[in-house]
Amino acid sequence: MADVYTMGIDIGSTASKCLILKNGTDISGYAVIGAGTGTSGPKRSVEQALSNAGITINEISGITATGYGRNTFSEADWIVSELSCHAIGIHAVFPDVRTLIDIGGQDAKAIRVSTTGKLENFVMNDKCAAGTGRFLDVMARVLELDVSELAERDAMAENVVNISSTCTVFAESEVISQLSNNVNICDLVAGIHRSVAVRTAGLAKRLGIVEPVAMSGGVALNSGAARALERELGIPVRIPPLPQINGAYGAAIYAWEHRKQER
Amino acid sequence: MNALNRLKNITMNPKAELKEAVASGKKVIGIMPYFCPEELVYAAGMLPFGLWGAEMQANESKQYYPAFICSILHTTLEMGLKGELDDLSAVMIPISCDSLKGMGANWEAGVKNVPVINVAFAENRKIAAGIEFTRSQFRKIQKQIEEIAGRTVSDDEIRKAITIYNENRCAILAFSKAAATHPAEVTAADRCAAIKAGYFMDRAAHTELLNEVTAELENLPASDEGYLKIVTTGIIADAPRLLDIIDKNKMVIVDDQIAHESVNARYVIPEAEDPVLAMAERLAEIEGCSVLYDPGKKRGTQLVEMAKNAGADGILFILTKFCDPEEYDYVPVKRMTDSASIPMLQIEIDQQMTDYGQPESAIMAFAESLR
Ligand code: SF4
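Protein chains in written order, with my numbering: chain D, 14 to 276; chain Z, 26 to 396.
Looking at chain D on its own, in the form it has when it is part of the complex (with noise of 0.2 Å):
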């Protein structure tokens, strides 16, 4: 039998992500871009992935497009959120996380999963930046880092600052006071990181967190970011190989799963 490819395209504010599955299990190619909603990222991660995986759009025989630019992407058959996607995705990895916190470019959530991998409740951030990849990035900018610098910065710190958790404006402002105070940078690093976990961690307790937790979205690549979070709830946190592409991952198997029914 010919194998049966099915695209996920996630398209975030800041970053869009595309996957392309074989037969509902195997993972052909995907592709990040930079670049969100209402860019060519879009389009540029489809073709990227299309190239990684050797296959022309003509071969894909179902796409679902999830992120808050679903609607913009004309080509899908289905449109879902990203918070079923997030779930389906980190289910067909970790089939017993029941609780899922994905930090993404500007928002971020805490997603509880059934254990056949549906979508039972979530939590989303209000509309600050403050506990998001955005907020990360705006500091590591203060620090004149690069964000993925983070991590081996925050693994060196010693004396943890403390940084507000509730605004990103005023967090700014905190960090430069203390860049101007010649506060070591590591320490101010996993302050800013313990700031994220914080404010997430609450995120999470809203819904209730059941175990086990993983963690997912472009945050969940930078570790101090992730240690911090487990510190914060006190209990372990898993990490799938491809976070930042978890909901693509789950968007091309809804694809998968509904065009297996209708076959």
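These aren't lab readings, by the way, just hints derived from the structure by calculation.
What follows is a list of derived Cβ distance ranges for each label pair:
#	chain 1	residue 1	chain 2	residue 2	range
1	Z	A230	D	V182	47 to 53 Å
2	Z	I173	D	V182	45 to 51 Å
3	D	S190	Z	Q82	30 to 36 Å
4	D	R57	Z	A130	52 to 58 Å
5	Z	R360	D	G51	38 to 44 Å
Cβ-to-Cβ under 10 Å is the rule here; a few derived chain Z residues that face chain D:
#	residue
6	P368
7	L370
8	S386
9	M389
10	A390
11	A392
12	S394
Built from N, CA and C at the ideal position, the CB exists for glycine as well.
Place chain Z with the ligand on chain D using the hints.
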């Protein structure tokens, strides 16, 4: 559905109603939320005109209120400051919440052409002294209304106005019930517009049009198959984009505990020797609204009951941004819906909002989790 279209047109352009009433020689009194004694205005032969803010950007109001005050107050004040409400003969402003407490003074400072009628209720509205206080305040307000109308208002006229308002309340509830099973004919936006029109037109005429729509709906087969049944709760839920999201996700509002919609309709004024006393007694009865002192926290209990009676799949808690009374209420309400195992989603709404991305994702996900 001619009657429904007429109601929708009125809601779409309330200022035209205001202009028309004034042109016909009728005086119009602005009525701010919550629970103002508008029957007294009606009894005096004037038109009560609801002021629950508008979907617009507020700029000038920021000279009077900080940014973290709800948009109902910002946008209403903005309209007043810009002279858009100059046709009003007065505006009734109650002191139902901390933010409203400053509204009268702000209005007086900034809006020169429209005088204020301050409305005070007893916080302890259920005890005898509270009822008496509210009654005496309403009588005081009656005097101010008589001055504006240039004539006295008899108790008989108040009784007649009460009857018309009571009939309107029953009409709203009957319409809401009929709309609950006819989402194909009445969208969430239509439902809201039909109820909201009553704030801008003669209540008797509103009742007539609503009853016409209800009768038409009752003659049609139900069209709610495949729809998720939702109960809404909050202060106001009239944002067209929010209502559109509810429709798009195939949800139907089967009942509401929205102050702007059915909360006011659920309680009729009893017949009594002293009609103004009856109005105060009715205020003591109302439950399910965060601005009315409720030591027994009955809002959650009422909401759970409403959801169960309507066979609802879930509840939408539509939180007006920066509304303290609603934020305080959310926690006990959520505890009660949780213990009754009724899923509830909270979304935050603001009349100055332009980006609905987050509520759209949240409502879609909520619908997916319920299906
Ligand atoms: S009760 Fe809430 S929404 Fe109403 S006026 Fe007060 S703060 Fe605004």
